[in-house]
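**Q** Take the sequences, apply the hints, and build the full model.
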Amino acid sequence: MPPRSRLGAGETGTSALSANNPSDDICPVCKSNRYLNPNLEFLINPECYHKMCSTCVDRIFTSGPASCPVPYCGKTLRKKGFHKAFFADLTVEREVDIRKRVGAIFNRRQDEFETLLDWNNYLEEVESLIFDLVEGTRDEKVKAEEKLKVYKEGNRGEIEENRKAGLEEADIARRREKAEKEAARQRRLAAYREEEEEKADAQRTKRDVLDRLATSNEDANKIAQHAQRVILKKTSARRNLTDAQANSNGSILDSGLTINVRGLKKKEAPIMEKPYDPFGGVDLTPSHYTLQKDYDNEWLGNAKNDIRHMAGGYSIEEYYARTMFEAFSGLGVFIEDEKVPEKPVASSTIGTAAAVQAAGGTVNLEDKMELDDVF
Amino acid sequence: MAVSPLVFPPAPADKNAGAKLSKLSNQGFNGAAPEGPSASSGTRDLAEQMNEEEKQKYVKGKKLGEGTYANVYLGHLRDDPKRLVAIKKIKIQKEYTEGMAPDAVRELKHLQEISHPNIISLLSVFSSKDQNLNLVLEYLPLGDLEMLIKDVEGVRYGAADIKAWMGMLSRAIWFCHENFVLHRDIKPNNLLIAADGEVKLADFGLARSFSDPYRIMTSNVITRWYRPPELLFGAKHYSGAVDIWSVGLVFAELVIRTPYIAGDTEVGQVNLICQAVGTPTEENWPGVSKLPEYAVPDPPNPIRGRDQYLGTFGTAGQEGVDLLMAMLILDPRKRITAREVLQHPWWASEPKPTRKQDLPRKEGGAEKIGEDLKRRPGILDDERGAKVARKLDFGKM
Chain A
1 MPPRSRLGAG
11 ETGTSALSAN
21 NPSDDICPVC
31 KSNRYLNPNL
41 EFLINPECYH
51 KMCSTCVDRI
61 FTSGPASCPV
71 PYCGKTLRKK
81 GFHKAFFADL
91 TVEREVDIRK
101 RVGAIFNRRQ
111 DEFETLLDWN
121 NYLEEVESLI
131 FDLVEGTRDE
141 KVKAEEKLKV
151 YKEGNRGEIE
161 ENRKAGLEEA
171 DIARRREKAE
181 KEAARQRRLA
191 AYREEEEEKA
201 DAQRTKRDVL
211 DRLATSNEDA
221 NKIAQHAQRV
231 ILKKTSARRN
241 LTDAQANSNG
251 SILDSGLTIN
261 VRGLKKKEAP
271 IMEKPYDPFG
281 GVDLTPSHYT
291 LQKDYDNEWL
301 GNAKNDIRHM
311 AGGYSIEEYY
321 ARTMFEAFSG
331 LGVFIEDEKV
341 PEKPVASSTI
351 GTAAAVQAAG
361 GTVNLEDKME
371 LDDVF
Chain B
1 MAVSPLVFPP
11 APADKNAGAK
21 LSKLSNQGFN
31 GAAPEGPSAS
41 SGTRDLAEQM
51 NEEEKQKYVK
61 GKKLGEGTYA
71 NVYLGHLRDD
81 PKRLVAIKKI
91 KIQKEYTEGM
101 APDAVRELKH
111 LQEISHPNII
121 SLLSVFSSKD
131 QNLNLVLEYL
141 PLGDLEMLIK
151 DVEGVRYGAA
161 DIKAWMGMLS
171 RAIWFCHENF
181 VLHRDIKPNN
191 LLIAADGEVK
201 LADFGLARSF
211 SDPYRIMTSN
221 VITRWYRPPE
231 LLFGAKHYSG
241 AVDIWSVGLV
251 FAELVIRTPY
261 IAGDTEVGQV
271 NLICQAVGTP
281 TEENWPGVSK
291 LPEYAVPDPP
301 NPIRGRDQYL
311 GTFGTAGQEG
321 VDLLMAMLIL
331 DPRKRITARE
341 VLQHPWWASE
351 PKPTRKQDLP
361 RKEGGAEKIG
371 EDLKRRPGIL
381 DDERGAKVAR
391 KLDFGKM
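Taken in sequence, the protein lines are chains A and B. In terms of the UniProt record's numbering, the first sequence opens at residue 1 and continues consecutively. In terms of the UniProt record's numbering, the second sequence opens at residue 1 and continues consecutively.
Everything labelled a hint here was simulated from the structure, so no lab data went into it. Everything numeric in this text was worked out from a predicted model, so none of it was measured. Please note that a few of the clues may not be correct.
To be verified - Computed beta-carbon distance windows for the label pairs:
#, chain 1, residue 1, chain 2, residue 2, range
1, B, Glu-153, A, Ser-287, 42 to 52 Å
2, A, Asp-111, B, Gly-154, 25 to 35 Å
3, B, Gln-343, A, Gly-301, 47 to 57 Å
4, B, Asp-307, A, Asp-111, 22 to 32 Å
5, A, Val-333, B, Val-155, 15 to 25 Å
6, B, Glu-66, A, Ala-183, 57 to 67 Å
7, A, Phe-279, B, Val-155, 20 to 30 Å
8, A, Thr-137, B, Arg-78, 32 to 42 Å
9, B, Leu-310, A, Phe-279, 23 to 33 Å
Positions of the beta carbon are idealized from the N, C-alpha and C atoms, including for glycine.
**A** Rendered as structure tokens:
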């Protein structure tokens, strides 16, 4: 595959870029300079990052796509692609553009990863890809570009999802910022108003004091002290009030926050549940025989008709099931296949050994054990 | 005596050498572990060595609960301290000085056979000094269902949660019955909750396998409030239906958050059943009057209708009430079986059972597992000591 336009810019581009000097005010194409033309404006095209003045761009590209006028570059450029460089240093401009492009494709988020390590590994991989694109040799660039394309093809859906999530997040952040700014403005206004009020109040009291001093014949000191107290009281009352307001403001802001959080949570779409299986996926239907409703057996005849068996709810079907199970148990079981890491086996042997030991005691004990089973 | 690196050939005549050899082999087994008193008896047979090996796999931690029947400790694997276990150490009981307590035998016998996500798993068994029996059980840190039912203030749950819990209980009991084990002590405080919210049936101290015809079983099983009428009437031949009655009462208790039929005595229990469900008579339960301890209050109450159930247990929904009624049928032969319970349309109806990780839970279950495991089977919590429910007396039989 031929290197995509930009890739070739590596060598020529870097030389062009390194020649870029902010104080250099001469258009490299038409050699006009700022001294003669104070409106001189340089534009670049992210295809090759060769800068030229806007007059040159108009002159060369207005009539359609044309090749870059810089010697040995030869990229086909369009007028539409030209814009002013944001950074004075065009290497930075280029790297930022590449980062933007890669970031739009590799836009996974940390909460998609199981562990921090996975996330960090992912970041490292992306970073080395970017490095290849920015600083790599021609081959590395081609390879990196290919990787990028493959990833984009393979993860179209997820990329789109994450892009939307990112937009939503940005939106939320913007709204929160706005709310915070608004709150700050309100606070400022309130503080300002309060100050004004306080001033007016102080003046009013002062006037009152003067009036009283002029009209009444009380002790001058007393009147002054009283006035001071009144002012203090009012101020503290106002302060309490504003505090309360501030608190309520805060809680409003908080509730706004929690709504946002909820919105975020909803994004984690629930996994489709399987229909509820009351048996929990366990199937115990016997595989070696079919259980009949009834079996003819002389020995069972009495039990079937015995009132005590019947009334107590004794289930002859349960007996059939058990005896059939016992008759067939172990068939089709191969210990070799069933063997799992020693643990259960060991525990059962130990259990049996302990039981054997315990049972191996006195005859008296044996009797008791037997009795235990009888009832 | 210093342990020599030389291994002597076994010389039966030389007592001294034999002792040394056993000591060496012992160290090969459990490294630097402290030796139990049994090691001092000299040679150890294979069973002892295996027991020691098993014992060394676990580290016993703090005590979670102490009871008359057993002590419960928190423990963990020696290799992996993050894997916790509960170690139930059965006490030596004066009634059974010559062997193991029958509760322990029953628990061992059945738990080691059964493996199901909704049944507590027995990880290992070993005996420690004085021949104490230690059962290593799964550690279930979130307490039990009784705790959740009783905490009316702190824990709220709905129909979906009840369905999820009942589902797990029904699976457990179905699995027991499919494997021919009668649990015979189902009640909310034997339903422990694992860290992930899974309910697990515990305490197999009264369990037994299905009996053969003509072989009698005791009717003194199941904690009184959850005991079915056939056992209260002294039936000696019964089936899995006894467990279903208990399951039904657990269901009822989950809905109304208080024990549904809580009699003070066995006679009281029968009376309450007659009121709550209906009086067992020859019409609704053929042969009931032939049961040894059949006695019902006069006049008989009619069987409680569907509308009355709907009034009390309406939160469970139409289908739920239907299932509850099927579980609380007086005649055990007509009562729903465990398999039929799981085939009931209630499970498919709305609301869907809550996922186990979303179920309501309560912290502080560590003490509770201690409480639950140390309890003597078949006994209500509030009647320890003198008022102990009819004890299983093997001596008289």
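**Q** Hints first: check each against the structure and report whether it holds.
**A** We went through each hint and held it up to the structure:
At roughly 50 Å, the beta-carbon separation of B:Glu-153 and A:Ser-287 lies within the given 42 to 52 Å, and the hint holds. In this structure, A:Asp-111 and B:Gly-154 meet the distance hint of 25 to 35 Å, their C-beta atoms being roughly 32 Å apart. Our hint of 47 to 57 Å for B:Gln-343 and A:Gly-301 is violated, since their Cβ atoms are close to 31 Å apart. A beta carbon spacing of about 52 Å between B:Asp-307 and A:Asp-111 contradicts the range 22 to 32 Å that was offered as a hint.
The supplied range of 15 to 25 Å is broken by A:Val-333 and B:Val-155, whose beta-carbon atoms lie about 44 Å from each other. For the hinted restraint 57 to 67 Å between B:Glu-66 and A:Ala-183, the CB-CB distance of approximately 58 Å keeps it satisfied. Separation of A:Phe-279 from B:Val-155 is about 28 Å and conforms to the stated range, judged on CB atoms against 20 to 30 Å. A hinted range of 32 to 42 Å for the beta carbons of A:Thr-137 and B:Arg-78 is inconsistent with their spacing of about 57 Å.
The hint said 23 to 33 Å for the Cβ distance between B:Leu-310 and A:Phe-279, and at roughly 28 Å that hint holds.
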